[in-house]
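*Asks:* Protein chains in written order, with my numbering: chain A, 1 to 413; chain B, 1 to 413.
Don't read these hints as lab results, they were simulated from the structure. As the structure is a prediction and not an experimental result, all values here were calculated from the model. Hints are not guaranteed to be accurate.
[What the hints assert, rightly or not] With beta-carbon atoms standing in for the labels, derived distance ranges: (1) A:T23 - B:Q31: 44 to 52 Å; (2) B:A346 - A:F62: 48 to 56 Å; (3) B:T17 - A:Q107: 52 to 60 Å; (4) A:A292 - B:L183: 45 to 53 Å; (5) A:E288 - B:L183: 39 to 47 Å.
[What the hints assert, rightly or not] Output of the computed footprint for chain B on chain A, the stretches with three or more beta carbons under 8 Å from beta carbons of chain B: (6) 101-115; (7) 202-215; (8) 396-407.
Heads up, the beta-carbon is just placed ideally off N, CA and C, and yes, glycines get one too.
2 protein chains.
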Amino acid sequence: MTDLIAMGQAAQAAARTLAQLTTKQKNAALQQMASALEAATPALLAANAEDMANAAQLPTKFTDRLRLSAARIADMAAGLRAVAALPDPTATADRGWRNEAGLFIVQQRVPLGVVGMIYEARPNVTVDAAGLTLKSGNAVILRGGKEARASNVALAAVLREALAAAGLPQDAVQLIADPSRALANQMMRLTDYIDVLIPRGGAGLIQTVVRTATVPVIETGAGNCHVYVDQAADLQMAIDIVVNAKVQRPSVCNAAEKLLIHQAVAAAYLPALAAALTAHGVALRGDEAARAIVPSMAAATSADWDTEYNDLVMAVKLVASEAAAIAHINAHNTKHSETIVTGDYAAGEQFLTAVDAACVYVNASTRFTDGQAFGFGAEIGISTQKLHARGPMGLSALTTIKYQIRGNGQVRQ
Amino acid sequence: MTDLIAMGQAAQAAARTLAQLTTKQKNAALQQMASALEAATPALLAANAEDMANAAQLPTKFTDRLRLSAARIADMAAGLRAVAALPDPTATADRGWRNEAGLFIVQQRVPLGVVGMIYEARPNVTVDAAGLTLKSGNAVILRGGKEARASNVALAAVLREALAAAGLPQDAVQLIADPSRALANQMMRLTDYIDVLIPRGGAGLIQTVVRTATVPVIETGAGNCHVYVDQAADLQMAIDIVVNAKVQRPSVCNAAEKLLIHQAVAAAYLPALAAALTAHGVALRGDEAARAIVPSMAAATSADWDTEYNDLVMAVKLVASEAAAIAHINAHNTKHSETIVTGDYAAGEQFLTAVDAACVYVNASTRFTDGQAFGFGAEIGISTQKLHARGPMGLSALTTIKYQIRGNGQVRQ
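Take the sequences, apply the hints, and build the full model.
*Replies:* Below you can see the structure in the form of structure tokens.
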């Protein structure tokens, strides 16, 4: 029987050791984990074959993510080595100053402690999360999707052996192998032992965690992103951006789902925009004004404005002004990524200021909202909440601060 | 009947206006609010007299905090003017850089949006919270203790009139005048409209909010702080720090509650430490080893190690090593403030690294954990959580970031 309290205590003890390791020690362990995964390829493939056999009836989209191959295992190992090459987010102080009493106050970056990850049946997340949390000095408790149970158990065993071989506490990485819902719910309320929960997966999973958890959650992922084509937009740039934002990878959260277009240029621009999207296989749904210009579009319903399709579908709406576009976006977006296409300076600046989202763009595709594209090296996820972290989260999102204060006998007057 | 949804919508609309104001406009409104409070002194005293009459049966400690006077109203006004003089936390960008694709990415500080404050019967918090949230560009929904209802209604009316006179949206400051528990619970779950909840008050209030809220909470306040007197401590410095940390203001969260002392110096130091504390009226409770040295102490029970007294009481424990002191602290502290008194370099550095708390000191009193003492100007509270903000919170704790990204047609490859 899984004893979550014991796991929490072990994670906390491991976290205290991890917080005091040097960067060199953590990097050596990451390298060891990478090599161990490669060496264990046959065993990992055998465990995964078991999961794949059980998942035979599930859709290809699902089993594609569940399947391991030698190449995918090599990718996981490469990912761990890439994390080893990144700067250590806890090896830095934000600032230091002397206060009036002469105390030297240093705002030091430190690990959060114990991270809980809840995710779907994607074995790569097991390795990814273990690497990112270790690099940032955190212990992790993993709870992956039940369909990936055998794969995750095998992966976690390899990672834990590698940790031990590197002289680190094995309990830096723990997996809840029992896939019961009750245990997942208990994990979400383990406030004495888990410092933060990061759900990774679809909107349903994330909403369940947000509603159930008492442990603080970093909400990630949902994206109902808009492209607004202003009246001062360059048509070709608008086409390039809308097409890229919609079709380059429609399944992800930074893909655009909605096209807003200023009514003054709609008659001139919309036919060309619609033709370009349709040529890429996008099914368009328009409001009444859009359909008056491009009658071949299906009719959008009010539900469309709040729907994340994650597919080659886009809804189109005409707006009377930039202000109307901004109001629509603020009413319907998921605070993820929004872009305006415009040649008008004031319109661009107003959009940057007034739109409420993690990432607001002028004249660029929303697809750039990503830790790699931002230059962060690794990405834990994309936060759509406002507290702690917002937008693409690099390793520093897995840290907090500690004030370290050096005195020579100061007392408060 | 109070319609919280309508209040939330009004707050959100106000927040969108506030986010675009200049610092000058916000400061002018703060000055107007300060003057309006002073001008309304008679009306405010009359409303407070009503609350005081209803609270006649309550303890002095309680009514002391509830009472307004002309001097206290002048203090509130001075507080608003002091906030006006502070830097605007949203008038700054953390950093900006160009990514590989040539996008210019600015990490801009922006207001959180709508802040919910839940607090006890202290009318000064109404004014304080309104000032801090306005300065940082946030709208606020206030829910104060029911015993201060008339005072809070009068204060909020004055503040809202001043906002309108300054040309700002009145709904930047809203008060839930109905003191029902059901309404407070609804407020704690108003995730569509409130971005963060900040409870201010005793441990009971804060725990209720943490347990009930689905809106993200910034937990503040609980302090079970330790002074560890190392074997290499200077005795006089140890006495000065322990006495200051315990008695200078025993009711507050950064006061020390526990004294740990290395067994190697206990026989030499404890009698003098105990005498100094006793001379300041502190009631001591010791473990067995401490009582063997100072038999006049009462016996500590296991509950003592986890108790925040907020009073002239201190529990004393002997430890066999610095490691034992650190282990005890990490097991029993509230992650607030901890200090070591030592002349040993390595012992001090180890304490700074290994103790898990927002503020960790060497050779200084825990009483310095405070926004003013840290030089932050204002203080929203002291966070004992790890996410978003930790330790004394200045105005920047009421902000988040937004990535503003300027391109010239970039699309993702």
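*Asks:* Against this structure, judge whether each hint is valid.
*Replies:* Tested hints:
1. Between A:T23 and B:Q31 the CB atoms are about 50 Å apart, so this pair conforms to the stated range of 44 to 52 Å.
2. Range check, B:A346 to A:F62: Cβ separation about 54 Å, and the 48 to 56 Å hint holds.
3. Range check, B:T17 to A:Q107: Cβ separation about 33 Å, and the 52 to 60 Å hint is violated.
4. Distance hint for A:A292 and B:L183: a CB-CB separation of about 47 Å, consistent with the stated range 45 to 53 Å.
5. Range check, A:E288 to B:L183: Cβ separation about 41 Å, and the 39 to 47 Å hint holds.
6. Only residues whose beta carbon comes within less than 8 Å of a beta carbon in chain B count, and the stretch 101-115 of chain A has 5; three or more means the coverage holds.
7. Check on the stretch 202-215 of chain A: 3 of its residues sit with their Cβ under 8 Å from a Cβ of chain B, so the three-residue criterion for coverage holds.
8. Beta-carbon proximity to chain B at under 8 Å applies to 8 residues in the stretch 396-407 of chain A; the threshold of 3 is reached and the given coverage holds.
Checked against the numbered hints given earlier, this structure breaks only hint 3.
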